[in-house]
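Undergrad: Hints are included, so try docking the two chains, each in its own frame, into the full complex.
So the protein sequences, as listed, match chains G and V.
Residue numbers 793 to 1094, in this note's numbering, belong to the letters of the first sequence in order.
Residue numbers 31 to 507, in this note's numbering, belong to the letters of the second sequence in order.
Treat the hints as calculated values from the structure; they're not laboratory data.
From the three backbone atoms N, C-alpha and C, an ideal C-beta is built for every residue, glycine too.
Simulated pairs of lysine-lysine, DSS-like, Cα-Cα distance not exceeding 27 Å: (1) 204(V) / 55(V); (2) 984(G) / 1066(G); (3) 794(G) / 478(V); (4) 305(V) / 332(V); (5) 305(V) / 456(V); (6) 932(G) / 963(G); (7) 204(V) / 53(V); (8) 478(V) / 812(G); (9) 170(V) / 204(V); (10) 799(G) / 478(V); (11) 53(V) / 794(G); (12) 329(V) / 101(V); (13) 100(V) / 165(V); (14) 55(V) / 794(G); (15) 799(G) / 812(G); (16) 1033(G) / 984(G); (17) 963(G) / 436(V); (18) 436(V) / 955(G); (19) 799(G) / 53(V); (20) 204(V) / 794(G); (21) 955(G) / 932(G); (22) 984(G) / 436(V); (23) 204(V) / 173(V); (24) 165(V) / 329(V); (25) 173(V) / 100(V).
Every beta carbon over 10 Å from chain V, so not counted as near; a handful from chain G, in silico: (26) 815; (27) 857; (28) 932; (29) 966; (30) 969; (31) 1023; (32) 1046; (33) 1049; (34) 1056; (35) 1067; (36) 1092.
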Amino acid sequence: MKRLALKLLLFLLVFLAYDKVFILVANRSAETEVDRRLEYLIEGQINKEVVIIGSSRGSRDIIAGQIEEKTGMSTYNLCYPGSSLEFHDFVLQTLLKFNEAPETLVLIVDDSNAFMDGGDRILFRRDRLYPLIRYPYIWKEMAARGYLDNELASIIVLQRMNKYNFDLRQKAITAIDTIIDCGSMPITWQDKNTVWEYSANDQAYPRDEEVPEKVEAFTNMVQTCEQEGIRLVIAFPPNYKKPSKAFQNRIRELSGTGVYFHHYDTENPIYRDKNYFFDIEHLMQPAAQVYTDELVEYLETF
Amino acid sequence: MNITSLYYVLLSVVAVFVYYLIKHKYRALFLAVLSCGFIATYSYNLLAYVLAYVLINYVIGIRLPVSGRKKALLSAGILINLSQLLLLKYASFTINPLFELLNIQADASLIARIIIPVGVSFFTLQGIGYLVNIKMGWEKPEKNFLHFLLYIIFYPRFLSGPIDRSNHFLPQLKVSQSFSEENITRGFRLIRFGLCKKVAIADQLASAVNGAYGSLETGGEFTFWIVLLLQPLYLYFDFSGYTDIAFGIARAFGLELRPNFNRPFMSESMTEFWKRFHISLSSWFHDYVFMRTFFRIRKWGKNATTYALFLTWVLFGIWHGAGWTFMLLGFLQALAVYYEFSTKRWRVRVFAKLPPVFRTWMGRIFTYVFYATSLTFFFAPDIQSVIGFFSNLTVSNGLFPGGMNKEIFILSMFFAFVILFFEVLKNDFSGLFDKLEARWYGTRIAPKFFRWALYFLMITIVIVFNNEVQEFIYFQF
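Bound-form chain V, shown alone (with noise of 0.2 Å):
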């Protein structure tokens, strides 16, 4: 099911209701009913295969505590957790040549075929994380299958996240939601965000984007660095646009799901960027990569630390998917942040200096170009393209991309400088953002109306640039 279609939107506020209708002790049955038939909408075999998945991660998270080999035990939940990944996303890159290498005729990536593994990168996280929070004594392990399964399956953050933590989501079961207007209206409100976003924008942007990659060895009608400058807000508002709407469904059933997103073009450099941007993913490796590999190395000292950090952003890269690209994605970043990291002192150093906006701006900009360059390796489908890519840089036609249309472009570039610009204030004038919010939500008629014709124009955007929907970004992994 396409979670930008007015039928999953509908299908979602009538959950909502029939949700705050049932007892609570019914509730987290009919998020799970409804969460496996959203799965069965992609294929039942994923269904079957997440139901098998939730019920070994359940059965070890229970034998966990009271097992004598605990370790032995967590070993091996975490391998077939890592197992099961491998063999469904990467087995093209690992597998494969392995059989080729031992001369076995045999093709691992047909199960994947088979399985259709949506989601699997981010359900897989979870189900280690859990794992890891019950070895480690953070929590204790979730006796009620239900509520497991819904930690794992919960429909609208299964198939991009954002990836949960057991000891955030599961507490929230267990409390009885009382109805609450204000969180339905403030899920509705983000739903409606988050599809002008993905739609509005971020499809809009997708032509130019993916519309480059397509064009490396012609040049087609692209100007490259304009193309490398829209890549990080391509990426941003098509990720970002699904969040929302999960968060806001999930608010509208009285439950809060992990940030994934912080104002990231706000950051001054990348070591802030990643505290911004797929927040849940980049503090998953830093919690449970980054801290445990530390933990384990710390007497290496210094060189402790710069061991961990490539090893988690070169996983991480790699956690993107199979191929060379992804690496060096993950690789970049590691270089980004040690280089921030090992030159902290100086730089402080040197730019207290500057005047204080100067300061700041000069660092959001290097930010934003450096993680638009890094961006290639995440949008190229091989080395071989990104060389392309960069070759290409020279190559200009034009201010608009190609295979955009030019007031769609600049229509698409207005809503997603809006979007921007209240960011900047929220970030830097937060006083003054707050005025203009509480104004905004007050209940004089005026700003009612104004509210009500801004969400007819924002479902109008929605109903009509949705006819050429684009695939989420983070749908692939």
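Just chain G, with the same shape it has in the complex (with noise of 0.2 Å):
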């Protein structure tokens, strides 16, 4: 038994110095990423006066860089498409751990399933912190959200790591992450597949489907705002469909006072016509240039 025991902690100690060596995995697999928003985060570097968090509607519909022209602050957009408001929150949270706070941020938010469960569509972005998993910050994070196991974590360099951190070639820009310099992704073409019907209903909104993680996040992120002396700017952006009041006025009973509401106009034509859309949820290019102009418009009330 002593032979075997002691062959077994031979295997776990040459293991443990094997496991070592997917240190410099890790490290290439941050590099070969295109959207590295998350890393300039954590490197300290994204320090701006304002900051767009969100998921695709953020991402698609509100071009910074535009903002930073015509408002002369500097601005730039940390949406990411399919993400939850857990992620949002955690964006939030990471932006002002390694960076200066913003003065104002603002906060798109999904009409009305952004407290629903949002499936496989909508996500904690689990698959944009693997890569970045050589920063310990990173996998503590997702250990703490039960992602990970911390203690293995800590001593497995391999428990931290995903099999898409082995897929080491150079990543491109897709059309579908066409991701620009101020992190904004503007669409330009049209899917293919949308149904284009406009929604003039009044939708109801079913308050026992929410999700109490995303309402813990969402408050979690107006209290941070608060705290901090950041000016929360939430704003609903423009839909193939008419707005839910219901979850608008939902949002606001969450906000509580001090919290700054921007809705897009309604009585803008494009906003009806689906030429101007990707789909019934995202605005293409002109589109998104339009209502970005209408926020730069709000910012420059302050």
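TA: See the structure below:
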């Protein structure tokens, strides 16, 4: 038994040494990414006056460079397509941990379903975090959220990694991930699979279907901004449907006082013209420029 | 506790060493405590429930040989076993509609939500098998409660089998297992192999199969006939992966579990397939349902076989879950087996003229395709989805199933085909396989170095792929 125990111990020691080689893979993994915004955040390079946080609506519909150009305030877009409110909260906390707090935070909220279970479409974007596992902050954060085992991850490098870390080819900009320098991802083509039906009905808001973790993430963001003295602007972007008043009321109810709200111009006919939309939830670049101008106008009132 | 987690494996490794350090008389207690702890990680209610279940079956088992009303006591025991299975697994399909009919305001499935009935389908069959064996005089009742407890709850096979037989497992507990390095290394090898099958192949194919069933309306990005052919591979690598892990741990403790898989895709007929796939379940149904039914109605002649066959397979299907799909899954297997049974003579006559290799491979391909098709009833949540899946068979979106990374798909299929290649080798060219195996495990430095390199690669794959682990398919039963 002693012999086998020693053999196993030797195996374990050799394995632990072998495991450390994967630090090289982890380091390379971050460098192959096109979208390196999270890395810039951790390295303290996002010290901007205006920061935009949200999901795909924020990344497609708002062009941060245009805000910067027109207002003269440095602006950066930290919106991630398919990301949940928990992920937005994570981005905000990371921003504040490693960078100077912005003067204004624009939070773009998804119409009516921001607090609902988004299934596979709206997630805590772990896939964006795996390339950055060389940063202890990232894997510890993943462990804290239950995606990794903290104890094992602190001993075994492989435990922090995912199969996608091993794809060491340089990633390229794709038709859908069109990131530009300011962090925005405007889109210039239209989704062929979209069923274009403008819904003009008032939608009911099923409050009992809210996910408590999402509500908590939202209120946490509101409180954080209040504590840090950040002006929080919650923006309701256009969709190819009538906006949900009930959802907006719910957002206002959770936000309390001291939060600013911006609503797109519902009278503007382009928001009812499908030719300006990528799909029923996202604008194409020309309309995004119009919507960004509306936001610029609002930000200039402060 | 997730059985593909490093914790589970490390805990088992440590447990193996502790097991051999303690005296034989305390080993059953040690394994029982370990198994109780394992069950408690799922739910304390489940643990309490299982302990009560074990106690009831233990008492019935003890009373059976001395009772004056053996048949009634056995019937009561089977009724108790089946009732609790019905309550925990089939309440929404059977009891709740009955409540509705009787206008009773109650939800029987609430009990299942409180207890979390993990492994119940498996241990119920073990409980029934034990009582039948006692009644038939095939074995004596187990007097040692700890041993009986362990027979039901032994943690490596508690979740999804293999379904053990008391007269196979219990005698092993009486024997003092001496430390065997070979047993332990073989056991660890099986664990590694099982983990690889599960995370590197089954979990990767899961997104293709599950994704297709989630995109029945739109068709998504799937080529459905490819998904159809992937279904058996997904199920096999998932379930045999679990079985290998269970076998490996049991082997390291010096215990043998009943075999569950024997190169099933080498089967040339469905009858043969079910002697090679999920053997512990199909043989249980053969021995305790088919044989006993057939024995009772044997006077019906040929009809007895037909009736017993269809009853057995339909019950086999229902065992997997409440719903028409599972019932039809069983019915389809019955049809296939019945067809093979009733046409055996002329098929032998006709196919005897074909070259043996051609005959063998045609048989294997037909068996595989039939099983793949019937598995639609296994994976589809309802009949509507089965129809949806078959209507989509003409939908074609390239060779790679939607939702899957192309490279990962190729890699997992490569692993799958390497394993299947060695299965063909072992089945059709056993002499060559034995030679290769002996060479691989030879004592020369080079193979040892390659072996360690391969083990490191396997562990790397398991750890890295495990970060998105899927639940075992048979975990739900």
